[in-house]
Amino acid sequence: MIAINTEAILETLAFVATFLLLPPLLVGIIRKTKARFQNRIGAPLLQPYFDLMKLMSKGETISKHTSWIFRSTAAINASLLIILAFLAPWTSLRPFNLGADLFLVIYLLALTRFFTVLSALDAGSAFGGFGASREVTLALLVEPAVILCLAAIGSVSQTSDLGIAFSFNNVSLINQPGLWFIAGCGLFLASLVELSRMPADDPTTHLELTMVHEAMILENSAANLALVEYSHFLKILILLGISSQCLLHAIPFFWHTSQLILALASILSIMILAASIAIIESVAVKLRWTKLPEFIAYSVAMSIFCVFIALSKNLN
Amino acid sequence: MINDPTTLSAANLFTSASAIWLAGLVIIAVGRERVKSNFLAFLMLAGALLTLGGAALSWNQSIEYNQLQYISFGLVPADSIVDSLSVPFLGLLGILASAAAVASPCHVDSLNSQGKKGHYWKLTFIFLIGLQQVLLAANGIAFLVFWEIMSLSSAGLVAADHVRHRAQRAAFAYLTATRISTAFITAAFLWMHQNTGSWSLSSWHFGTEQSIVAAALLLIAVCTKAGVWPMHVWLPLAYPEPPGPTSAVFSGLVGNISIYLLMRMLLAGECHHLGIAYAAIALGTISALWGVLFALMERDLKKLLAYSTVENMGIILTAIGVAILAHCHNLDTIATLACAAALFHTLNHGLVKALLFLGAASVERAVHTRDLSALGGLAKNMPWTMLCFFIGSLSICAMPPMNCFASKWLVYQTFFQLSFANAPILERAMSLAMVGILAFVGALSLACFTKAVGIAFLGRPRSNAAAKAKESTTSGPDGLILAQVILAIACVMIGTSVPIALDGLAPALRHLTHDQFVIGSTLFPIPQGQLALVGGILVSSIYLFVLGGRSVDVKSYITWDCGFGPLSTRAEETGSSFSHPIGRIFSQILQLKVTTEISGKDRRHFPESVRVETFMTPILETKLYRPIMGLFDWLSASLVRLQTGSIHIHLLYVFLTMLLLVFLGTNI
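Same order as they appear, the protein sequences are chains B and W. Counting along the first sequence from 1, when you hit position 315 you're at 314 in numbering that gives the first Met the number 0, and nothing is skipped either side. Counting along the second sequence from 1, when you hit position 173 you're at 172 in numbering that gives the first Met the number 0, and nothing is skipped either side.
Everything labelled a hint here was simulated from the structure, so no lab data went into it. A portion of the hints provided could be inaccurate.
What the hints assert, rightly or not - Now the in silico label distances, taken between C-beta atoms and shown as ranges:
1. B:HIS205 with W:MET492: 40 to 50 angstroms
2. W:PRO524 with B:PRO176: 23 to 33 angstroms
3. B:LEU263 with W:VAL609: 56 to 66 angstroms
We put the CB at the ideal spot given by N, CA and C, even for glycine.
Given these sequences and hints, build the entire structure.
Quick look at the structure:
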């Protein structure tokens, strides 16, 4: 007989509900903030939900040149991101510790990219091809920064399990606001590129000279598109969640507070990061493609600082 | 030293495998065209399965035997030994040889000349015997003899299509590399023999001061034969050349055998030289970066795979380097992790690379080209090849839940744990930098293999031949397809049951680390199998309930063309354009140049012709090897002058040589 723990069940329910329902809201927040910055009223905050629901009821059209890769990618990427939502430390509230290995998390993200790129190449359109080509180029530049930020944190806590490294009772990381802050900023800059946001890619344009992510999903429609969009929203939640967790760890107050406040702060900080993406997109311009490596260099530089801090922490 | 029935039967199995392959060789030599290819393939398969059986019987015990007592190589008898380290490699040989045997009949039947058929069978049998006996050799002399048999027969396989200039060049480059590596191995063996007075491989220890020379010689030899930077230049020439089925064995084992030698000598022989460790890590790192970068830029499918071998050999070499480093600092857990990473990645890479080469062979058979710019859209006509190549690509990019993810994870973990271990600060900094570099290499290999799969199999066909490609010669899947399926299943099986596989490798790890308490299954704590299962359930339920499976009416229409009307296939991304943005970033290393020529009256707005050309000059070949080859040319041209043709001058040479010998003989 398994003892039923009401609290655990409630926690689990809250967790699942959060990662299923929050992602479209984040995009709503980004769009609304951007609209306000442009002196528009903008679409309602819940518009992404309505969009998804509308897409679900539409009839699907696919290119006759596609293979099985095209439709399975939508399902595979959605499932991978759901698994990642359970594994990755994007919020302080995680009802079960499944052993979020650092390299597993990174490689699961890479696996979603593998499928996205292949599905972009599948229809044989010119758009999909160059979107895919740009995506792998950006990924190549960003990947070392992401892994080094996380590996530096892991190295200080002497484990590659992010669940342990990111828990608020890990003594080895308690007085490291510098490390946490720089890692958080580095990861945030890297996420801007990974999530195809402004300095790297303009998510609102369909101009072939500039787009990366939109070019890759041009052939998707209806439920397929809904799944792809939803997976992308989920990815926003996870990546922003990881960087916001880093930033929260940098503030000593959160180390000594209750679980409930922490959980609320996690959600709130993700929303704040989403709003700050909107602010960046309103005041900054999209960079020229050839200038992007310089932008990503900031993120890489921050990750290298993290490595230095980690090495000095473990001096013996 | 045969002590119980199982060991005896294991030894017998290996001997009979060799005997069967030898019989095949005799039969094809005597019988010529009367012998059916199916029968020879059966012999090959039987030998492969016997090898596999022998490996299974002896997986955790070491057997020394001498069934070739009547043969001795002058100095020592041809002793054989099966120990825990050679067993995994024998197992790999068994699997790859079985796959090659399954794929052989349909390849041989497609050859038009009897000479080529005979050539294929004879060299394949000799190659397999050589490979097996190299792994079984117990002493240096036997090792060298069989190493030579293996090298020369594989050079023959590289030259299989010898009327082509390309194959001649490849065979020549490969022969040069094998000569250099054999020379260095011989020197290293002589050095160790001089130091220890024994020819037995297991009696050589590399912990002593004097042995550093031998260790360095071995490292050079292995780097040359495995294709590590900067000695890798022969590899992209030679790897694409062996005929389809044997390319599996060739690509999966030729490099790995030399890694096996390095493990047996330096890891099992307890090498304790920091310099060797640093050299291995440095060469391995450059090799990984260089290999994957050139693989990405390559437009020939098989050359792309060959460059990816350079990358993986580099990764394995870094792991071996860390293992030596950890031995030096007495960091036992890291040494165990590093050994496990090196060994497991070697085996996984062998398996996956064989699978990918078979896929490329299948593509080449169907389309008659390996040029990515003439492929495309093969997924429709070649579903099985596509699926297997896809699985292989997932695996070689180290995607979970495949087998290479587990071994790559072990490599990552090795460096990660070194970063907070009790080691000098510079080494810890190096190890974290290596984590970043490995991530970079990983992202590049993802780009490389999405290109390989995406450009070759997806999209629309870029040539007529690709549009009309036929997967197999018969109505159902034939041998070549079956061989790929076998290897793909092996990859998935290992990937989803890593703890079992690592438990199987535990005896070999104990041999490498000299630590009797190594437990294989705890090295890799990620429940990959369960994750794959959960993922599979999630994917299928989302596919069925959200996308609607097959029941939903999905309209099929043209690819989006912006309303311009049907796009020609020239509008598609090509292999070169896919990798061009990355090429631009590394244009200094790749020596990538683009020239654009626009002509016409008002050429800005109404160009009549646009011509864009990209050039890549391989920097190592032109800047390093061409001068060296020039030097050799000059030397040999100068030496010709000695050869005047006059008998008097030649008699003078003889006299001078005699004088020199007498002088040397009396003074030393």
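Outcome of the hint check:
Distance hint check: the CB atoms of HIS205 (chain B) and MET492 (chain W) are about 44 angstroms apart, consistent with the given range 40 to 50 angstroms. With their beta carbons about 31 angstroms apart, PRO524 (chain W) and PRO176 (chain B) fall inside the hinted range of 23 to 33 angstroms. Taking 56 to 66 angstroms as the suggested C-beta distance range, the pair LEU263 (chain B) and VAL609 (chain W) conforms, at roughly 59 angstroms.
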